[in-house]
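Chemist: The primary structure of each chain is shown beneath.
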Amino acid sequence: MLTRRRLIRTAGAGLALAGSGLGLEAARARGLDLPAGLPEGIRSGATLDTLPGKKPLIKLTYRPPNYETPISYFRTAITPNDAFYVRYHLARIPEVDAATWKLAVGGDGAERQTEITLDELKRMPATEVVAVNMCSGNRRGLFQPHVPGVEWGYGAMGCARWKGTRLKDLLDKVGLKKEAIEIVFDGADEPISDKTPDFVKSIPTWKAIEDTTIVAYEMNGQPLPHLNGFPARVIVPGWTGVYWMKHITSIKAVTKPESGFWMSTAYRIPLGKFPVVARFTSQETAVNTPITEMVVNSLITSSADDSKVKVGVPVTIGGIAWDGGYGINSVEVSSDGGKTWAAAKLGEDLGRFAFRTFSFDYVPKTRGKQTVMARATNRIGQGQPTELIANPAGYHNNVVHHITLEAA
Amino acid sequence: MRAFTIAFANSLAAVALLAAAAVALPAAAEEQPVELKKAPGLDTVEANCSGCHSLDYIYMNSPFPNAALWDAEVSKMIKAFGAPINEADAKVIADYLKKNYGS
Numbered sequence: 024m025l026t027r028r029r030l031i032r033t034a035g036a037g038l039a040l041a042g043s044g045l046g047l048e049a050a051r052a053r054g055l056d057l058p059a060g061l062p063e064g065i066r067s068g069a070t071l072d073t074l075p076g077k078k079p080l081i082k083l084t085y086r087p088p089n090y091e092t093p094i095s096y097f098r099t100a101i102t103p104n105d106a107f108y109v110r111y112h113l114a115r116i117p118e119v120d121a122a123t124w125k126l127a128v129g130g131d132g133a134e135r136q137t138e139i140t141l142d143e144l145k146r147m148p149a150t151e152v153v154a155v156n157m158c159s160g161n162r163r164g165l166f167q168p169h170v171p172g173v174e175w176g177y178g179a180m181g182c183a184r185w186k187g188t189r190l191k192d193l194l195d196k197v198g199l200k201k202e203a204i205e206i207v208f209d210g211a212d213e214p215i216s217d218k219t220p221d222f223v224k225s226i227p228t229w230k231a232i233e234d235t236t237i238v239a240y241e242m243n244g245q246p247l248p249h250l251n252g253f254p255a256r257v258i259v260p261g262w263t264g265v266y267w268m269k270h271i272t273s274i275k276a277v278t279k280p281e282s283g284f285w286m287s288t289a290y291r292i293p294l295g296k297f298p299v300v301a302r303f304t305s306q307e308t309a310v311n312t313p314i315t316e317m318v319v320n321s322l323i324t325s326s327a328d329d330s331k332v333k334v335g336v337p338v339t340i341g342g343i344a345w346d347g348g349y350g351i352n353s354v355e356v357s358s359d360g361g362k363t364w365a366a367a368k369l370g371e372d373l374g375r376f377a378f379r380t381f382s383f384d385y386v387p388k389t390r391g392k393q394t395v396m397a398r399a400t401n402r403i404g405q406g407q408p409t410e411l412i413a414n415p416a417g418y419h420n421n422v423v424h425h426i427t428l429e430a431a
Numbered sequence: 497m498r499a500f501t502i503a504f505a506n507s508l509a510a511v512a513l514l515a516a517a518a519v520a521l522p523a524a525a526e527e528q529p530v531e532l533k534k535a536p537g538l539d540t541v542e543a544n545c546s547g548c549h550s551l552d553y554i555y556m557n558s559p560f561p562n563a564a565l566w567d568a569e570v571s572k573m574i575k576a577f578g579a580p581i582n583e584a585d586a587k588v589i590a591d592y593l594k595k596n597y598g599s
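Protein chains in written order, with this note's numbering: chain A, 24 to 431; chain B, 497 to 599.
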């Protein structure tokens, strides 16, 4: 299985792109606006690269492909399909043929087993939800001290209008037994080596049967892009992207907790460290628990860090805020490094799972550098921390975002 | 299967690659070669690591890891992800990573 990769490497000697000690300035010269807090290796090595069907995105790794969305696409609540980030754990990613694709639904926690085609899925009652899909490790690269993993900046996320079939309706087709404690997802992507654990994820049954948990075949009115899960993926609003299985091929109700590597070892957070409400009790241990819902967060997107502004000339500070599905209550902006805060105006409400835009009119009054910050609060009173909550895998980074503006 | 295109200076290698691509599923088009620092052990890194992932994973996670962290990463690749790397090669790989991409 390794032969082709060796060929790639051998054939490519001399076509180096990275690792030559280029810094942040060089990254900017390449059209990248990378946060200064990222590890030097990715600051010098990330490139703008165009995957099939995509706009140029920030390439962190080729294979498996991990590409993040430039911040400028987050000035609106909906992220365009061709700018939506791409994240895979495993490198064998087949292009699924919609005509022959089948979704198996069943498991030992179901009364029956069935298979349905894409046409059959689309004939079932459809529902829509606008929801943020964010990688659990978004902003991992900004952890101090750094932790290993995909060193994401701010762009491992996006918000789309998803259309599909309620997962509950699919499960009703096979009849959930009362002992069914988790619903397990598998997709068409596979590891290169058969010794590598296949990417399999589960969610608790209570989350699976919520009205907003769906199997989506449309994203912003279009079929899902291949690299975002064509022909269908699971949408788990409020929860981090790891559960939103792409290229879904199997949905199983189970009576015992899913025990594979991707549940038992990966994607876990220390117990009790984060203010999350949604619990996944069948997977909890004495020390840790699977990551579940997103924590409240916000991002300034109107101006790049270190932008120039003029004293006395109004500038609109804008951005987006989101959380784990309780809904954004307020966003506040500070233009003096956090000493004073004022309420921003919230944009259109596309639902409690969506990005909520905000804007704040600011007039720089003095020359020099100004630290502009934004912080959101959700409808259950949760806010954002000013200090990072350390955890081994680099999840849930919702430290208040700031940019520096230079007024002249 | 998607067409798989890479710009190559060496046309013989390109022919060999296309032949190989016919039996392996491409992860994404336009994968460019990733060149790591030329130092002892690089051949072993390329031979053992690039089968399952592109080598940009290595510089992406640098230069912050200390020796223990790089050891843990190599061990994770073998124990958690089943990489078929023998003990001697694992040591060469870990040494290369620590010397060239460590803190």
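Please keep in mind that the hints were generated in silico from the structure rather than gathered at the bench.
Note that the Cβ used here is the ideal one computed from N, Cα and C, for glycine as well.
It is possible that some hints are incorrect.
[Unchecked claim] According to the in silico footprint, chain B covers these stretches of chain A (three or more CB under 8 Å from chain B):
#, segment
1, 61-68
2, 182-196
3, 209-218
4, 382-394
[As the list claims (entries may be wrong)] For the chain B half of the interface with chain A, some residues (derived, Cβ under 8 Å), not all of them:
#, residue
5, C548
6, Y553
7, P559
8, E569
9, S571
10, A576
11, D591
12, Y597
Chemist: A separate judgement is required for each hint: does it hold in the structure or not?
Modeler: A quick look at each hint next to the structure:
1. 61-68: holds (count 6)
2. 182-196: Our answer is that it is violated, as 0 residues pass the Cβ test (under 8 Å) against chain B, missing three.
3. 209-218: As far as the segment 209-218 of chain A goes, the hint holds, because 5 residues have Cβ atoms under 8 Å from chain B.
4. 382-394: violated (count 0)
5. C548: holds, 5 Å
6. Y553: holds, 5 Å
7. P559: holds, 6 Å
8. E569: Where the cut-off is 8 Å and the nearest Cβ of chain A is about 6 Å from B/E569, the hint holds.
9. S571: Violated, because the Cβ-Cβ distance from B/S571 to chain A comes to roughly 12 Å (cut-off 8 Å).
10. A576: With a minimum Cβ separation of about 6 Å from chain A (threshold 8 Å), the hint on B/A576 holds.
11. D591: B/D591 check fails; min Cβ-Cβ to chain A is 18 Å, beyond 8 Å.
12. Y597: It holds, given that the least Cβ distance between B/Y597 and chain A is near 7 Å, below 8 Å.
Checked against the numbered hints above, the structure breaks hints 2, 4, 9, 11 and satisfies the rest.
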